[in-house]
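Let the sequences and hints guide you as you build the complete structure.
Protein chains: 2
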Amino acid sequence: MSVSTTVLDVPSGAPARVPTPAATDPRLDRLALNQKTTDGWGLEDLVAGCVDAGIPAVGLWREPVQAYGVERAAALVRDAGLRVSSLCRGGFLTATDPAAAATALADNRRAIDEAATLGAPCLVMVVGGLPEGSRDLPGARRQVEEALAALAPYAAERGVQLALEPLHPLFCADRAVLSTLGQALDLAERFAPETVGVVVDAYHVWWDPELEAQVARAAGRIASYQVCDFVLPLADDPLLSRGMMGDGYVDFTALTRAVAAAGYDGDIEVEIFDRALWAADPRDVVDTVKRRYVELVVDPV
Amino acid sequence: MSVSTTVLDVPSGAPARVPTPAATDPRLDRLALNQKTTDGWGLEDLVAGCVDAGIPAVGLWREPVQAYGVERAAALVRDAGLRVSSLCRGGFLTATDPAAAATALADNRRAIDEAATLGAPCLVMVVGGLPEGSRDLPGARRQVEEALAALAPYAAERGVQLALEPLHPLFCADRAVLSTLGQALDLAERFAPETVGVVVDAYHVWWDPELEAQVARAAGRIASYQVCDFVLPLADDPLLSRGMMGDGYVDFTALTRAVAAAGYDGDIEVEIFDRALWAADPRDVVDTVKRRYVELVVDPV
Chain A
0 MSVSTTVLDV PSGAPARVPT PAATDPRLDR LALNQKTTDG WGLEDLVAGC VDAGIPAVGL
60 WREPVQAYGV ERAAALVRDA GLRVSSLCRG GFLTATDPAA AATALADNRR AIDEAATLGA
120 PCLVMVVGGL PEGSRDLPGA RRQVEEALAA LAPYAAERGV QLALEPLHPL FCADRAVLST
180 LGQALDLAER FAPETVGVVV DAYHVWWDPE LEAQVARAAG RIASYQVCDF VLPLADDPLL
240 SRGMMGDGYV DFTALTRAVA AAGYDGDIEV EIFDRALWAA DPRDVVDTVK RRYVELVVDP
300 V
Chain B
0 MSVSTTVLDV PSGAPARVPT PAATDPRLDR LALNQKTTDG WGLEDLVAGC VDAGIPAVGL
60 WREPVQAYGV ERAAALVRDA GLRVSSLCRG GFLTATDPAA AATALADNRR AIDEAATLGA
120 PCLVMVVGGL PEGSRDLPGA RRQVEEALAA LAPYAAERGV QLALEPLHPL FCADRAVLST
180 LGQALDLAER FAPETVGVVV DAYHVWWDPE LEAQVARAAG RIASYQVCDF VLPLADDPLL
240 SRGMMGDGYV DFTALTRAVA AAGYDGDIEV EIFDRALWAA DPRDVVDTVK RRYVELVVDP
300 V
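Protein chains in written order, with numbering that gives the first Met the number 0: chain A, 0 to 300; chain B, 0 to 300.
A portion of the hints provided could be inaccurate.
Counterexamples of contact, computed for chain B against chain A with all Cβ distances above 10 Å [claimed, not checked]: (1) D28; (2) G158; (3) P192; (4) R282.
Reference listing, derived: stretches of chain B covered by chain A, where coverage requires no fewer than 3 residues with Cβ under 8 Å from a Cβ of chain A [as the list claims (entries may be wrong)]: (5) 160 to 169; (6) 196 to 208; (7) 226 to 233.
Worth flagging that the hints you see were computed from the coordinates, not collected in a lab.
From the three backbone atoms N, C-alpha and C, an ideal C-beta is built for every residue, glycine too.
Below, the structure written as structure tokens:
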């Protein structure tokens, strides 16, 4: 597949770069670039690239932040005048072995600390799939609930919102037994909204017949709104099947309006995992992200 | 991948075949073999194979039945003393072009006639994905509802139940905008239960956090209970990712009990699409189907 012709609006290495919106373009006020979208960039490149492109916020991942140093990363982002929109990710709470479960809780507490240090408003939680060898889905779901109850006070003390991310049911077995927004809200509503919220990730929820009703129900609990498109055919690794907005089946206009109607006015984070994008020049990826975001995602009303 | 060691309990071509339950084994009373599971068999082989194996019912597909002749197929199955558990499949009702929509309705009426001729209690409906170029999922869902209203009287007159099959959300874009059992029931409940029912297909619904509640709600509307396992990794063609019961993540004991508690006592149809199985000797596939069905699927209580 040719990246330059099928995915990006701006052919990589084209001699004349298409003009981008000015750094102060108010249409970009809520745009956040998740760092996985431009995976080829290190943290410093990412920050410089966002400043350069007039993108005011970044979604960060724990591993590269830890490698750079959490305090140092916080200062880098802050000094550049950027916001952190979210930290990915905590979770993986379904281990049944007591030692493994304790290790997972300890790791999540570290993740909460990191989010607090970075000034991230929320820690995205991918709750984990079925334990090895288990087919007890209700049991795994109960375990997530218990682990969340154990973590919530720690998060509340540090002012970090745990953001439960329902994943597409495709990932129920191996990544997240949390499969719908309704299920995430059933769980979140046991806690204060500022402590446990939900992620509305277009890729994971676009198919849900209850989507509009559940987004409305999520009013006051939407911690993060993430966008990327559901594209077919699936990539050989389904995790890397998240496409550029406009290349797939998601009606972003409808979803953005539903999220806005639920009162969410926070950052809108573009999080795309796609090998073709990763092979492209990150600056070209950013140009396409901005253009598609303005055309398709941000509320045109 | 070696078929014989990873999928089948009985290595293909093994000199001594493991003894199979007797043809009158009462544990097999409700077992139906969907003909796609042993795709290498023509209709006559399928019928002979089921008689040979003590399997009392077959799930048929329209294309091979049409090729053989519908009346002739009906006689073949009947004369062998077998039941038809279901006919696959009607549906694909989401075309927006009026001519294409009319063609789809006409084809579904033919499918209803074929089901009646075969004595199939139900016609499985895979409703269709998003129309070409459309992102209007609510619109496609409304269209299914309208087409179903147009078809229901025709089905009722012929005593064929339309069996709405929610497909795994993985297939929402390209195969079925009907994604959950709850959504299928919302639609089915507008019609008499004997005219519009639902399919509980383990592969498609196992992940659903509302599964138990929705199966209970489906009491009196379960037209078909289909089994196969959700396995990972996905096949390169996700349609062919349905695995042998026991090879994946589905808790069949829990699902069979829920379906029984909802009053369903009809056939339990094993429908597996898997290239490795198709490459194997169908008699070995049938042996494994029977063994796994008895061990894992049929209610042990």
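(message) Tell me the numbers of any earlier hints that the structure contravenes, in ascending order.
(response) Every hint satisfied by this model.
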